[in-house]
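There are 2 protein chains.
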Amino acid sequence: MTYCVGFRLDRGIVFASDTRTNAGVDNIATFSKMHVWELKGDRVLIMLTAGNLAFTQSVVSILSERISTPPDPERPSLSSVTTMFQAARVVGAAIREVRRVDKQEIEDNPGLFSASFILGGQIGGEDPRLFQIYKEGNFIEATPDNPYFQIGEHKYGKPILGRVASPDMRLGVAAKLLLLSFDSTLRSNLSVGMPIDILIYRRDALEVSERRRIQEDDAYFKKLSTAWSEALRDAFVHIDEYEGADTLMPPVEVASSRRG
Amino acid sequence: MTYCVGFRLDRGIVFASDTRTNAGVDNIATFSKMHVWELKGDRVLIMLTAGNLAFTQSVVSILSERISTPPDPERPSLSSVTTMFQAARVVGAAIREVRRVDKQEIEDNPGLFSASFILGGQIGGEDPRLFQIYKEGNFIEATPDNPYFQIGEHKYGKPILGRVASPDMRLGVAAKLLLLSFDSTLRSNLSVGMPIDILIYRRDALEVSERRRIQEDDAYFKKLSTAWSEALRDAFVHIDEYEGADTLMPPVEVASSRRG
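As given, the protein sequences belong to chains A and B, one line each in that order.
No gaps in the numbering here: position 222 of the first sequence is 222 in full-length UniProt numbering, and each next residue is one more.
No gaps in the numbering here: position 128 of the second sequence is 128 in full-length UniProt numbering, and each next residue is one more.
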């Protein structure tokens, strides 16, 4: 599995992704799931990928190849588009291209070709924008109400994001939040693994502000993980204990074919 | 969906289950997923159920019917068995019976017949025991290393359980922990819904100690939920902010057909 998060703030965008891939539990490797296209002063695009690695790498290869070929007005590339919306459409088109080529195999093995993508960045004077792109090539955009996207193994890391995330956070605070969300996920699912790639994009910088690979022995991450565990246990202890009451239960009704 | 937890402690067992069932988002109802068989002074058995309601109710009905029919040495019932291990086998046999009857429909609609069960309680002088029983009728037992079982929508509520749960907790503390785990789940997944049924079994009581249905407006649950949110935000604020470094990333390797 994979866990990736993109979080759009007023001050920029923070991205984080794990690096574990597996083809069976005895065939595990480290691959970056964070892909960066940067043209300093003009645009920065960051894409996080989850799902079948053959599929997602093909999409990344198509996007990269098209950048290095001469511009073609019929086939916009990540370097020729003028808005992030258009960039998301370019990624969608690349996804659909891979699906067309692999059509027969997808029909035979639908599970093998599942994938999802987070695309964020800034082009020129436009605001930084963040999209989640589905395996069908369609996409949605982050809004102040819903400022982050998670792909892959998203459930374990959701509660803390849901409680704390707010677009007016500082970027360093947002990075801390994403790492805590990773900490919860790493503790619960072995198939999400260190190191973690983290990237901070500051609004209007038009270049990657900070990019770092956080290894297992990273001092900050270890401190964060320990401090969070202690803080949670401490918070838990200080909440009032449950004092039950012998209240009668309503009788159980009977019905069928519902899903509980 | 459903969320149910059973947590075996040195002092007894605490159970909690939600009550939401749905057959589509426009067809939602409240059903207890907690089933209790109690013979005061002799045995208490509690079963939590997740999955297709037609399936789980059939299993419960078979178990209940067999209790009220005359004892048959060939067909032990929850009232005739002398250990919790035997009780788990009786539940497993009931599950297999339903699957035999519905064999053709299960083959046609495998998804419809998914279900899982948590069975716990105490019989006579035996220690309280807790089992998770699979839809195939086989089962595993809780141990001090792994004192709780979750069924249904278990991921959102796992991080807090994983960090805090310990078999030497007081029962009221364990109940608080299960309710916090529910709080995280309820916030993240609409298909898990209030009210929550909670049941506390005290070791050697041989009767249900406390059983309560916690409604949406329950004062303790509201207080717990608010206090926990505040404590988490507070803990979050007090952890050092991330200070990134411009560290170069290792180059991305290329390979195929792995799953990221």
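In short, the hints are calculated from the structure, not lab data.
Computed from a prediction, not measured in an experiment: that's the story for all the values here.
Careful, some of the hints might be misleading.
The list cannot tell twin chains apart, which means a pair is met if one copy fits it or any two copies do.
To be verified - Think about it this way: if two alpha-carbon atoms lie no more than 25 Å apart in a straight line, the pair counts; the simulated SDA-like pairs of lysine to any residue are:
hint, residue 1, residue 2
1, Lys103, Phe113
2, Lys223, Phe85
3, Lys222, Asp234
4, Lys222, Asp145
5, Lys222, Glu241
6, Lys223, Asp240
7, Lys223, Phe236
8, Lys40, Glu243
9, Lys40, Thr83
10, Lys223, Glu207
11, Lys40, Asp197
12, Lys222, Arg163
13, Lys222, Arg187
14, Lys223, Glu243
15, Lys103, Pro70
16, Lys222, Asp240
17, Lys223, Gln86
18, Lys223, Glu241
19, Lys222, Glu243
20, Lys40, Ile62
21, Lys223, Ala235
Taking the hints in turn, this is what the structure says about them:
1. Lys103 with Phe113: Classified as within: same-chain Cα gap 10 Å, cross-chain 31 Å, threshold 25 Å.
2. Lys223 with Phe85: Neither: 39 Å inside a copy, 44 Å across copies.
3. Lys222 with Asp234: both (18 Å within a copy, 20 Å between copies)
4. Lys222 with Asp145: Classified as between; 24 Å across copies, 31 Å inside a copy.
5. Lys222 with Glu241: Cα proximity of Lys222 and Glu241: across copies only (13 Å, versus 30 Å in one copy).
6. Lys223 with Asp240: between (28 Å within a copy, 9 Å between copies)
7. Lys223 with Phe236: both (20 Å within a copy, 13 Å between copies)
8. Lys40 with Glu243: between (60 Å within a copy, 22 Å between copies)
9. Lys40 with Thr83: Close inside one copy (16 Å), not across copies (71 Å); limit 25 Å.
10. Lys223 with Glu207: Classified as neither: same-chain Cα gap 29 Å, cross-chain 46 Å, threshold 25 Å.
11. Lys40 with Asp197: Result: close within a single copy only, 21 Å intra versus 57 Å inter.
12. Lys222 with Arg163: So Lys222 and Arg163 pass the 25 Å test inside a copy (22 Å) and across (15 Å) alike.
13. Lys222 with Arg187: Classified as within: same-chain Cα gap 13 Å, cross-chain 28 Å, threshold 25 Å.
14. Lys223 with Glu243: between (35 Å within a copy, 13 Å between copies)
15. Lys103 with Pro70: neither (28 Å within a copy, 61 Å between copies)
16. Lys222 with Asp240: between (30 Å within a copy, 12 Å between copies)
17. Lys223 with Gln86: For Lys223 and Gln86, neither the intra-copy (41 Å) nor the inter-copy (47 Å) Cα distance is at most 25 Å.
18. Lys223 with Glu241: between (29 Å within a copy, 11 Å between copies)
19. Lys222 with Glu243: Between copies only: 14 Å across chains, 36 Å inside a chain, cut-off 25 Å.
20. Lys40 with Ile62: within (22 Å within a copy, 70 Å between copies)
21. Lys223 with Ala235: both (18 Å within a copy, 14 Å between copies)
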